[in-house]
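K.L.:
Input sequences plus hints: build the corresponding full structure.
2 protein chains.
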Amino acid sequence: MNIRFFNAKILLLRERKGRMPKQGGSPELFEIAEGELWVRGSRIVYIGNGTDTGRIAGEDGKAGRGLSWDREFDAEGNLLIPGFKNAHTHTAMTFLRSLADDLPLQEWLNTQVFPKEALLTHEDIYHLCRLGIMEYLTSGITANFDMYFAPLPGAHASADCGFRTVFTSGLNNFCQSLPEVEELYHRIRGLSELTGFVMGFHAEYTTSLPLMEGLSALAVRVKSPVWFHNAETAREVAECKRRWGKTPTALAEALGMYTYGGGGYHCIYLEDGDFEIFKKRGLYAVTNPASNLKLASGIAPVKRFLEEGIPVAIGTDGPASNNCLDMFREMFLVSGLAKVKEQDAACVPAEEVLYMATTGGARAMGLFDCDCLAEGKLADLVLLDLKQPNMQPENHLVRNIVYSGSKQNVLMTMINGEIRYERLHFLIGADPAEVYRRANEIIGRMKE
Amino acid sequence: MNIRFFNAKILLLRERKGRMPKQGGSPELFEIAEGELWVRGSRIVYIGNGTDTGRIAGEDGKAGRGLSWDREFDAEGNLLIPGFKNAHTHTAMTFLRSLADDLPLQEWLNTQVFPKEALLTHEDIYHLCRLGIMEYLTSGITANFDMYFAPLPGAHASADCGFRTVFTSGLNNFCQSLPEVEELYHRIRGLSELTGFVMGFHAEYTTSLPLMEGLSALAVRVKSPVWFHNAETAREVAECKRRWGKTPTALAEALGMYTYGGGGYHCIYLEDGDFEIFKKRGLYAVTNPASNLKLASGIAPVKRFLEEGIPVAIGTDGPASNNCLDMFREMFLVSGLAKVKEQDAACVPAEEVLYMATTGGARAMGLFDCDCLAEGKLADLVLLDLKQPNMQPENHLVRNIVYSGSKQNVLMTMINGEIRYERLHFLIGADPAEVYRRANEIIGRMKE
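Top to bottom, those sequences are chains G and V.
Heads up: the first sequence begins at 86 in my numbering, then just goes up one per residue.
Heads up: the second sequence begins at 86 in my numbering, then just goes up one per residue.
The reader is advised that the hints may include incorrect statements.
Identical copies go unnamed one by one, so any copy, or any two together, can satisfy a pair.
Pairs of lysine to any residue residues, derived as SDA-like cross-links and limited to a Cα-Cα distance of at most 20 Å, are as follows [what the hints assert, rightly or not]:
{"no.": "1", "residue 1": "Lys326", "residue 2": "Ser262"}
{"no.": "2", "residue 1": "Lys94", "residue 2": "Ala339"}
{"no.": "3", "residue 1": "Lys426", "residue 2": "Phe360"}
{"no.": "4", "residue 1": "Lys472", "residue 2": "Leu509"}
{"no.": "5", "residue 1": "Lys364", "residue 2": "Ala323"}
{"no.": "6", "residue 1": "Lys426", "residue 2": "Gly383"}
{"no.": "7", "residue 1": "Lys472", "residue 2": "Arg508"}
{"no.": "8", "residue 1": "Lys472", "residue 2": "Gly514"}
No lab work stands behind these hints, which were simulated from the structure alone.
The model shown is predicted, which means the values in this text are computed figures rather than measured ones.
P.N.:
Below is the structure:
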């Protein structure tokens, strides 16, 4: 769509000498501009105070010509920010929300998660992913990085809803084969401009050596990064070392997994050598704080990631273990848990966390084209309501977002230049009541 | 007002042999009824399926006569719950939100909090408390337990907004005297049916022995419980033991503070003997998890509180250290932090946490008349929107509230039978824009 936002505050990455800021450096990673932001089609074409719009080409390609607007949107002094990127999740698990809480991990997996997932049809997964996408939109999340045993119905849900998703294969001993992964890679990348795919496997403890070797070779052949659940629990790392004499990170490095980069989900129990591999390969650490609390897994060393220059992104993990898909809660936790873990109230400040939730997440997922608000970037953005008590006074807007922000502040969520959510209304080609009915029907069927 | 809610789900405390459930016992503390809830004046007069309303007296006092309604409210299948009770906060500190984050505790207090608080007028405090009350309403909080150096303007704000507040004196070496505390006790209790007052002092490390002794005598004389910041940091406890050879809890017990009960805020570093005193005296532990993270104070032993039968309530602490006033975030943290601290994903389940946030908080504050939804209780209640993606599917509504709930689910907040917030509109006799303007003006003046 062609949309002109005016009367807006606009969150910009603070450029340093023409380069994007490096995480872990200056605490002031953002600045706030005031003025207009123009979207043409799927992209941001103008950000400024409205006095220099003559340099923007019109529809006839000539500079200085006006665009015709589908909508002129008065932001009323509210704040446009880049959409949040949910860098690790299993969206279809919405059906398990609140079904199996307050259980130890193994009991949770074996008595609740696995038996019920085995009953899902592809149609079920499609509907459950739509429910998750709706929840992302309410939280200002414009893209997710999704691992599931059957990603294709999720890819159709994203394409149909107009939501951006990068999938990663959940290859392991029980689901997906190497030929299936390769087929998924091509099908999902070709399905829509909104769907991507990179190589992944579930985890070392669920995946045989031949499968890991095969995936590594496949990733090198198609030049893909590789992702997997890495060092989520202390037991996982200890057992991996007993089996292979190496941590999961060192094993993946030895197998050539990281030839084209990638990263790890959770990354709580990394060891010194793992940090060196992350730095050498430019790997991303995705932190999942709410899930790590709820499953009693631990607290990730986010302060050290920043100190060592390892880029960080944030994920909700799946709704069965979180149980909600809310980037505001995750952002507070990333900072708060680091502070209490390190006994250092000054560490992991708000600016770093907002950077992780937006720019960091986008780059982890390979979405360099929607990592910030700038002319030429894809229009994946969110309008935050500042006229609510939790955002007042306006002493520091970035801190307000990270420490006080809430889904309730999300007025509008736009993806690829299309408004998909506005003031509690979903614009995704689906009736919310029908999506809720389907989700209840799916889990109800399993309880019979 | 006389209001009839129909088509409602209604969260009820599960009665056991005619008695209220004991915390730490059965995990099923609540049940969900479906039907109607009637409010007459300030009280709930009927809860049921609508077939037995003949037993309710009409306005002429005769049973079976209809009431005249100011409003008949179709809840559309959504859920009525008792209002959340914010059991520890410093509401007026809204002006410091996001001003001094990511600082070590002492630097935060000495360079930011104390110098700026010294510049506040009583009129400032009144406006800043209204801002906090608005935020409480958005989060379904119907009462707060407030400590501030100047509580009277806050009491006027609560009375004027129609908000319920129990104040506690913030007596210490730098503010309030014993005569002032006694005067505040009587004035605030007499100000409005919505304002209460119990005895308190800031903390052992800020209060001289003669002041503590005097407060103890005053509390005994007026038969008041006593409250203070207790065992918030390890250093505080160590220094108290060095000074007095006792923990703060043991010192308060030795001084006779707990003759009429009371409790502690934070309660992170309690020792074995302290647990015994809490049990013997029936004291409440108020936990403040977000503030304890953000100031790197620690994680409270909530699992042990439950195991030992010590009643627990939940508070946000003040907006300078949290930074928001959101009971949903606190509830998730109470459970999540206990799980990771104890390495036990099964501990502190959702039912216990919702009980703390509602019934536990009310009883800690002495508000036994609005501790649950039941006929005869005060109508302090909240309508939660279940028709949003974070509350679907409806596998377990209590877990949905605690683990996935959000301020966005708060459709309506009622206090003392009056609707004070409904779908983003505030009904508190104040213009939100004016409240925001005042808050920005107050902090702006201090930055000059």
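K.L.:
Please sort Lys472 with Gly514 into within, between, both or neither, judging by C-alpha distance up to 20 Å.
P.N.:
between (30 Å within a copy, 18 Å between copies)
K.L.:
How would you classify Lys426 and Phe360 at a CA-CA limit of 20 Å: within, between, both, or neither?
P.N.:
Only inside one copy: Lys426 and Phe360 sit 18 Å apart there, 25 Å across copies, limit 20 Å.
K.L.:
Taking 20 Å as the upper bound on the Cα-Cα distance, should Lys472 and Leu509 be classified as within, between, both, or neither?
P.N.:
both (16 Å within a copy, 11 Å between copies)
K.L.:
Using 20 Å as the alpha-carbon threshold, which applies to Lys472 and Arg508: within, between, both, or neither?
P.N.:
Intra 14 Å, inter 14 Å, cutoff 20 Å: intra and inter.
K.L.:
Are the CA atoms of Lys426 and Gly383 at most 20 Å apart within a copy, between copies, both, or neither?
P.N.:
both (10 Å within a copy, 8 Å between copies)
K.L.:
Regarding Lys94 and Ala339, is the shortest C-alpha distance of 20 Å or less found within a copy, between copies, in both, or in neither?
P.N.:
neither (48 Å within a copy, 57 Å between copies)
K.L.:
Between Lys326 and Ser262, at a C-alpha cutoff of 20 Å, which is it: within one copy, between copies, both, or neither?
P.N.:
neither (25 Å within a copy, 63 Å between copies)
K.L.:
At most 20 Å between alpha carbons: which applies to Lys364 and Ala323, within, between, both or neither?
P.N.:
neither (22 Å within a copy, 41 Å between copies)
Hint compliance for this structure: hints 1, 2, 5 are broken, all remaining hints hold.
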